[in-house]
Amino acid sequence: MTCGFSRMAAALLLKLRDLARFFLGSEPSPAMEDDDLLGEILLRVPPLPSSLLRASLVCKRWRRLVSDPQFLRRFRAHHQTPPLLGIFVKRFDGEYGFVPALDAPNQIPPARFSLSQFHGEHWRLLSCRHGLALLHNQIQGYLTVWDPITCRQFCIHSPPELKYEQNGTYYDAFLTAAGGAEHEHDYCKLSSFKVVLVCTNRISKRASACLYESESGKWSTISSTTVTHVWQSWCCVLVGNTLYWCPKLCRDIITLFWCPLLCSNAILEFDMDRQSLRTTRMPKDANVVQTSYFQVLRIEDRDLGLAISSQEKMQLWGRRAMSDDTVEWVLQKTVELDKLIPQEPSLGKWVVILGYDEDNNAIFVSASSGVYMIQLESLQFTKLVSHRGITYCQPYASFYTSDAWRLPTISAKRKK
Numbered sequence: 078m079t080c081g082f083s084r085m086a087a088a089l090l091l092k093l094r095d096l097a098r099f100f101l102g103s104e105p106s107p108a109m110e111d112d113d114l115l116g117e118i119l120l121r122v123p124p125l126p127s128s129l130l131r132a133s134l135v136c137k138r139w140r141r142l143v144s145d146p147q148f149l150r151r152f153r154a155h156h157q158t159p160p161l162l163g164i165f166v167k168r169f170d171g172e173y174g175f176v177p178a179l180d181a182p183n184q185i186p187p188a189r190f191s192l193s194q195f196h197g198e199h200w201r202l203l204s205c206r207h208g209l210a211l212l213h214n215q216i217q218g219y220l221t222v223w224d225p226i227t228c229r230q231f232c233i234h235s236p237p238e239l240k241y242e243q244n245g246t247y248y249d250a251f252l253t254a255a256g257g258a259e260h261e262h263d264y265c266k267l268s269s270f271k272v273v274l275v276c277t278n279r280i281s282k283r284a285s286a287c288l289y290e291s292e293s294g295k296w297s298t299i300s301s302t303t304v305t306h307v308w309q310s311w312c313c314v315l316v317g318n319t320l321y322w323c324p325k326l327c328r329d330i331i332t333l334f335w336c337p338l339l340c341s342n343a344i345l346e347f348d349m350d351r352q353s354l355r356t357t358r359m360p361k362d363a364n365v366v367q368t369s370y371f372q373v374l375r376i377e378d379r380d381l382g383l384a385i386s387s388q389e390k391m392q393l394w395g396r397r398a399m400s401d402d403t404v405e406w407v408l409q410k411t412v413e414l415d416k417l418i419p420q421e422p423s424l425g426k427w428v429v430i431l432g433y434d435e436d437n438n439a440i441f442v443s444a445s446s447g448v449y450m451i452q453l454e455s456l457q458f459t460k461l462v463s464h465r466g467i468t469y470c471q472p473y474a475s476f477y478t479s480d481a482w483r484l485p486t487i488s489a490k491r492k493k
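Residues 78 to 493 in my numbering are what the sequence shown spells out, letter by letter.
Quick caveat, the hints were computed from the structure, so don't treat them as lab data. There could be a bad hint or two in this list.
[What the hints assert, rightly or not] Capping the alpha-carbon separation at 27 Å, the derived lysine-lysine pairs in DSSO-like fashion look like this:
id : residue 1 : residue 2
1  : Lys410    : Lys426
2  : Lys137    : Lys167
3  : Lys282    : Lys361
4  : Lys167    : Lys426
5  : Lys295    : Lys361
6  : Lys390    : Lys361
7  : Lys460    : Lys426
8  : Lys416    : Lys390
9  : Lys282    : Lys240
10 : Lys271    : Lys295
11 : Lys167    : Lys460
12 : Lys410    : Lys361
13 : Lys390    : Lys410
14 : Lys361    : Lys271
[As the list claims (entries may be wrong)] Pair ranges (Cβ atoms, derived):
id : residue 1 : residue 2 : range
15 : Glu172    : Gln457    : 27 to 37 Å
16 : Glu172    : Thr227    : 43 to 53 Å
17 : Asp350    : Ile216    : 31 to 41 Å
As the structure is a prediction and not an experimental result, all values here were calculated from the model. All C-beta atoms in this analysis are idealised placements derived from N, C-alpha and C, irrespective of residue type, glycine included.
Let the sequences and hints guide you as you build the complete structure.
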């Protein structure tokens, strides 16, 4: 799909360039001299990193148009969903890296989004949304909101009530622009955002959460609830204005024992409007075994969904509201992963869920043959990494426009 967009963008820009050269070499065309009309044409090129960069190389006038802040805001608003630039991954050795998802000339070099400054076992990458990444240093007790494109950072001290304790306090967090996806159109992402921090404690068997808003610079009152079990590894999704967390796997990370309680009442639910925390149940009839992996989803009509990967199959569930104000889980699809994804016979057949891109409804899995992205509606898959050894990933999507051209990334030569 990305190759098709690249070819379409290249063909459109070549036609525009030829028109520009023809008219600039003879009598100027009224259409090509109309900045508003030209801007409307350029507004519709695919939102890939190289599209506007190539347009800017046609002439100074085109560069002025595609570099204008007002045009860039309209460009982002027109396309709405930013392209997936790649995934941040965590390897078995604990190191983080970036894996590009696009082919040349739109490919972002891994070194461009290096996380070397967040080196060390105490750092965890928790969330990527709206062009920002959120990292947590649990020992020093602060979070860092990081813009990988501009390299700008903003540090937030965690609430003292949710301090790290050696007896088993586990954290996760969610990051979003204050105005949702629409706020990214302004590209002032570090000026207005929200962070939700959640933690569970193995001793007290309680989960707690609170909301930070950058505009006020303050944390909200902490909301807590009792949980039947405490897990260390999480996955999260935003549905409407409610956050949902569930365990990534049905085993206790510390003891490696199977925890059937995780499968009955294990989804944490945080309402960002009411700032309240509670638990909700998983599907009763789900196919859950000791090696099951979970991922909460946002399904097409903005309801909560759940993917459960068990051995060589993956169940896709959706939660529906009933007429009596109750909700129920409905099995929507069962995917035969062993038939969908190539495997290395000598290494066995297995699939592990690594992460989820809620804007494109794509799930990331690791198999014996590498790491894949699966579009859950079409079941089309793309191989991102050939090697194994990746335990976790966060998809990173953003508009990579002229705001970032000043930085050394994608290269393009101007033709003389």
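Could you work out which of the previously given hints the structure breaks and list their numbers from low to high? Those not satisfied are hints 2, 5, 14 and 16.
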